[in-house]
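The hints should help you fit chains W and V onto chain G, whose structure is shown.
Line order of the protein sequences matches chains G, W and V. Its first residue numbered 1, the first sequence is counted upward by one per residue in the UniProt record's numbering. Its first residue numbered 1, the second sequence is counted upward by one per residue in the UniProt record's numbering. Its first residue numbered 1, the third sequence is counted upward by one per residue in the UniProt record's numbering.
Any given hint could turn out to be false.
Stated by the list, open to error - List of simulated lysine-lysine pairs, DSSO-like, C-alpha gap at most 30 angstroms: (1) K19(G) - K99(W); (2) K452(V) - K579(V); (3) K19(G) - K15(W); (4) K19(G) - K98(W); (5) K526(V) - K45(V); (6) K452(V) - K526(V); (7) K15(W) - K224(V); (8) K567(V) - K372(V).
Keep in mind that the hints were calculated from the coordinates and are not lab data.
One-letter residues, chain by chain:
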Amino acid sequence: MNENQNQVTKQTHAAFPWKQVIGLFMSLALTFFALWIAVGLSLPVPVTITIIVGLAIVQAFIQLFMFMHVTEGTEPVHQLIGILFGIYVAFVVVAGTLWILAYAL
Amino acid sequence: MTHSLLSLNEKDRSKMPLEYSTEEGDLRIVGFWIFLAAELVLFGTLFGTYLVLQSHTAGGPTAKDLFEIGPVMAETIVLLVSSFTCGLSTIELRRHNKKGLIGWLIVTILLGLVFVGLEVNEFYTYAVHEGAPLSRSAFLSGFFVLLGTHGCHVSLGIVWIIGILLQLARRGITPVTARKAFMVGLYWHFLDVVWIFIFTAVYLTGLVI
Amino acid sequence: MIESIKSFMGWFFVTGDPMIYGADASIALVSIGIVAVLTYFKKWKWLWDEWLTSVDHKKIGIMYILAALLMLFRGGIDALMMRAQLTLPNMHFLDAEHYNQVFTTHGTIMIIFVAMPFIFGLMNIAVPLQIGARDVAYPFLNALSFWLFFMGAMLFNLSFVIGGSPDAGWSSYAPYAGAEMNPGVGQNYYLLGVQISGIGSLATGINFLVTILKMRAPGMTLFKMPMFTWSILITSVIVVFAFPAFTVALALMTIDRLFGAHFFTIAAGGSPMLWANLFWFWGHPEVYIVLLPVFGIFSEVIATFAHKTLFGYAVMVWSMVAISLLSFITWLHHFFTMGNTAPVNAFFSISTMLIAIPTGVKIFNWLFTLNKGRIQFTTPMLWALAFIPNFTIGGVTGVMLAMAPADYQYHNSYFLVAHFHSTLIAGTVFGIFCGLHYWWPKMFGYMLDETKGKWSFWIFMISFNICFMPMYFLGLMGMTRRMYTYPAGLGWTPINVVMTIGAVGMGVGFALIAYNIVWSAIHGNKDKTGDPWGGRTLEWATASPAAEYNFAHIPEVSTRDAFAAMKEDKGVFTTKTAKPYEPIHMPNNTGIPVIMATFMFIAGFGCVFEWYWMAVPGLIGIVICMIARSFVYDDHHYISVNEIKRTEAGTGRLS
Chain G
1 MNENQNQVTK QTHAAFPWKQ VIGLFMSLAL TFFALWIAVG LSLPVPVTIT IIVGLAIVQA
61 FIQLFMFMHV TEGTEPVHQL IGILFGIYVA FVVVAGTLWI LAYAL
Chain W
1 MTHSLLSLNE KDRSKMPLEY STEEGDLRIV GFWIFLAAEL VLFGTLFGTY LVLQSHTAGG
61 PTAKDLFEIG PVMAETIVLL VSSFTCGLST IELRRHNKKG LIGWLIVTIL LGLVFVGLEV
121 NEFYTYAVHE GAPLSRSAFL SGFFVLLGTH GCHVSLGIVW IIGILLQLAR RGITPVTARK
181 AFMVGLYWHF LDVVWIFIFT AVYLTGLVI
Chain V
1 MIESIKSFMG WFFVTGDPMI YGADASIALV SIGIVAVLTY FKKWKWLWDE WLTSVDHKKI
61 GIMYILAALL MLFRGGIDAL MMRAQLTLPN MHFLDAEHYN QVFTTHGTIM IIFVAMPFIF
121 GLMNIAVPLQ IGARDVAYPF LNALSFWLFF MGAMLFNLSF VIGGSPDAGW SSYAPYAGAE
181 MNPGVGQNYY LLGVQISGIG SLATGINFLV TILKMRAPGM TLFKMPMFTW SILITSVIVV
241 FAFPAFTVAL ALMTIDRLFG AHFFTIAAGG SPMLWANLFW FWGHPEVYIV LLPVFGIFSE
301 VIATFAHKTL FGYAVMVWSM VAISLLSFIT WLHHFFTMGN TAPVNAFFSI STMLIAIPTG
361 VKIFNWLFTL NKGRIQFTTP MLWALAFIPN FTIGGVTGVM LAMAPADYQY HNSYFLVAHF
421 HSTLIAGTVF GIFCGLHYWW PKMFGYMLDE TKGKWSFWIF MISFNICFMP MYFLGLMGMT
481 RRMYTYPAGL GWTPINVVMT IGAVGMGVGF ALIAYNIVWS AIHGNKDKTG DPWGGRTLEW
541 ATASPAAEYN FAHIPEVSTR DAFAAMKEDK GVFTTKTAKP YEPIHMPNNT GIPVIMATFM
601 FIAGFGCVFE WYWMAVPGLI GIVICMIARS FVYDDHHYIS VNEIKRTEAG TGRLS
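One chain only, chain G, in its complex shape (with noise of 0.2 angstroms):
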């Protein structure tokens, strides 16, 4: 949550942007490996669906924190607050209604 102090109103020099670099090798690393898990391997339906979403949340944060800068601004935490209630509340519902909804499947 430092990060910002460390910021200049302007980078003048050109320095490579390794930070987007590695998040794009990332993203597509964990996206091939997700697939590979999913259909190149024949692990038990729930084991796969485990890890893929894993995978998948691995690959949200890497896009929030390394393309986004969640953590800048004059007050991040605000932002940060809030990203996590809609977070809380997306679980909820998502979970809410499998968990409801199985009983009338």
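Same frame as chain G, now just chains W and V:
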């Protein structure tokens, strides 16, 4: 958060990138984050709906029957790369490099257009050639609406970026255009996050179950 | 040709009921009257410049409240029609279909078009003033929110005379609300009207969340904010995260009905229960959206008229935070009777009982604030005091309903109806009337008459109990909700007669409030001080009504109850006003919100009738408005020091 917030903002802002340099820019970026958090719930609801209805194929085609991994991987890679180029545009924005910013934004919308084209083609294939339109079964209703909502977001993002490009070309990088370019970047990355979950929960899961 | 026009008209307009023709005539007359008055007094330009294009939060608040009062009138008429029909057994005042429409519009209007906009109105008036801000974070978006609500409400109300009203209840359960069992346009009106105003609500939530987080006066930390502002902060969080689910639910049912999808149908694998699930995922947080703000109002009013600082401030805040988290995990209790597994029922029973704890804690906070206070029985205080016992009855019966096995007995009986009216009337309605009387001088610069106010309070409050206390027993005697008539000999008749008397009394109470508003507009006492009640928070530190820029100097805050502290410490207060003025930066008025919302109305109306030649141009119009707004760069102006001096001198605030 126990000290005076306004004075803190003023002090911090002079050290911040251009898009945060005015109070208005600061307010709008925070608000946009909150909007994205709300969008998480919107897509969460669509995901929940899709996952409940996934098995309700009503005798029609199932996920396994329809999905082909080739086009899906193409869509995924195009969108991931567009998120990367969009990230580069933000870096050029921070360097106050107007040409670089405009260039990377143009690459981003071109990739976005390719993505939308691939998705439209996929929809067309399912609905017309495979006889699996939205009205065929609950599963397909869920599929088309979840992906369609994402696709509409991407299309709207393309229109939005074009609008910002026009303003950048005319006005250069100002606190206002910088804020807009930064916000559309957030939006674009967010849509990539949503796609990662579509890729996982819809396509990969559909191929496994 | 003429025949086809005739048959179109017969289908397009609602026909066949003399009451509808009466309504048609009165709507036409009122519309002509408004147009004639505006034209005669040459007020069109004034209306456009001062109101329709305004981005001033105070004016937007007034427009919200005005619209909400009109809707309250309509929803109240619906209620009286239902009570008239149910007074005696075997009545034929309304037929079954008409009765269904009336209870549907009553519920939808009261929740979506009365409770929420009234609260949005009060928070527009009070929140920026309470935090010492000059406007909200996004004034343009604020105006857009209002106009989306307004157009959504108009679209919904149009169903009364054009095409036919929805009749599937405010919760619009599938499969009955689906196209197969409910053809015609009525349900489309519900889906589109509520959707349009819901988008506005989401925008309001984001707007006030950011306003409160980022625009507080220097020194006002989160834990020095007035309690009403806290309640709006938490409410905004719930709005932001609950409304997207409703947006989706409404959109899915719209797609079902218009494009033949199968989300909630019985055929082709749809899941009707999924609708109930999504609806209540929004619907339960919605209860807190309309309750937390009035808890905030009562906190302000009780502290002001007990002349004490609020008891247990931090507990109050944390209990609201707990409510915001818990409100998202209780929704299944609305459909226990659809059946589910024991773990699911147990989880949602327990979470429902849990959420009663922070609510109960707040009751004790108010009681302890009153304890040893110097209580002044003004009209707002009467509403606040009456809230405590009446609302507690609603809360306690809610805990009864929370127990899944017991709920099988109570559910869908009048016991349930009485429960949620105890919370929504004794909570929300008492609260908005309380806030209306309390902040009226801040809105208009004059007081509502106290004597008439107290009469209206006593009549309304007693009638409320006459109407809804017997209703619990009627429910326990087996009368179910939404039945349009009942046979004699079940022992229900006397209670129904008593309830109708109570309902009429509530109507009289409301009419008296309306009369008081008109009377006080002419004869009411002017509020020259800006602080008629001896308030404790910053909205009372400025003139009534506040100038466009709210505060000539942004106040500096060092403690809770900031204005009370300033009044005690005179020195601080006067040195501040001696500072020189600086030009004030304010947003320009803009016509885009009202035009954009009008396109939304056109698109919505096109979708209702599945007239895509109308819907598509409407949607294009919306996009054009968004683009046009994006290209507006000159959207601010400065108020000069001279003008500030003139304004401040006009209110006697220039020393």
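Verification of the supplied hints:
For the suggested pair K19(G) and K99(W), the alpha carbons sit about 21 angstroms apart, so the restraint of at most 30 angstroms is met. Annotation: proposed proximity of K452(V) to K579(V) is violated, straight-line Cα distance about 42 angstroms (limit 30 angstroms). For the given pair, K19(G) sits about 21 angstroms from K15(W) by alpha-carbon distance, which is consistent with the 30 angstroms threshold. Of the pairs offered as hints, the one joining K19(G) and K98(W) holds, with about 21 angstroms between alpha carbons and a cut-off of 30 angstroms not exceeded.
For the hint pairing K526(V) with K45(V), the CA-to-CA distance comes to about 28 angstroms; that is within 30 angstroms, so the pair holds. Restraint check for K452(V) and K526(V): the C-alpha separation of about 16 angstroms stays at or below 30 angstroms, so the hint holds. Restraint check: the Cα-Cα separation between K15(W) and K224(V) comes to about 28 angstroms, which is no more than 30 angstroms; the hinted pair holds. For the suggested pair K567(V) and K372(V), the alpha carbons sit about 22 angstroms apart, so the restraint of at most 30 angstroms is met.
Comparing the model with each numbered hint stated earlier shows that hint 2 is the single one that does not hold.
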